[in-house]
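Chemist: Sequence:
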Amino acid sequence: MLDHQTAVGIAESWLRRPVAELLSEASIVAAPARHQDAPLGFFVCTRKSGYRPFDDYDSEIGMEFASRAGIFIDNARQYNRERTTALTLQRSLLPTGLSAPSSVDVQHRYLPGSKL
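When we follow this note's numbering, the leftmost residue of the sequence shown carries the number 116, and every step to the right adds one.
If you're looking for bench data, these hints aren't it; they were derived computationally from the structure.
A few of these clues could be false.
So the derived label-pair ranges between C-beta atoms look like this [to be verified]:
1) LEU226 / TYR172: 47 to 57 Å
2) ARG132 / ASP152: 29 to 39 Å
3) SER128 / LEU204: 38 to 48 Å
4) ILE176 / GLY212: 22 to 32 Å
5) GLN120 / ARG206: 15 to 25 Å
6) ARG131 / ASP152: 33 to 43 Å
7) ALA191 / SER229: 19 to 29 Å
8) GLY124 / ASP189: 21 to 31 Å
9) SER229 / GLU127: 21 to 31 Å
10) THR121 / SER229: 47 to 57 Å
11) THR203 / ARG132: 19 to 29 Å
12) TYR172 / GLU197: 34 to 44 Å
When the alpha-carbon atoms are kept at most 16 Å apart in a straight line, the in silico EDC-like pairs for lysine to aspartate or glutamate are as follows [claimed, not checked]:
13) LYS163 / GLU136
14) LYS163 / ASP173
15) LYS163 / GLU140
16) LYS163 / GLU127
Where a beta carbon is used, it is the ideal one built from N, C-alpha and C, also for glycine.
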């Protein structure tokens, strides 16, 4: 169980002061969310007094959740990078201007190959 002073210290170090009330007098499991040894954050679970405190089994489950969360976060980041790269490539392929004789009216539009 975390005492109030420790809970306030943790909340301030996270720059989340309202979290102190959630952590005060609570059992806590904080597992690092990592992927390929890169830290991505923490998976934090709390239980208020009046409920059974977390045990070793709960910590093991929390570590599994944190591990999976790390994979999901990494996949989301990778998807975002790939999407940004594809959009940049698509935009770079668009014509910036059309040259035509003054007697001709030229129009253009871009139609992507698919709508994913």
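Chemist: Of all the hints numbered above, which does this structure not satisfy? Sort the numbers upward.
Modeler: When the structure is compared with the hints, numbers 4, 5, 6, 9, 11 and 16 turn out to be violated.
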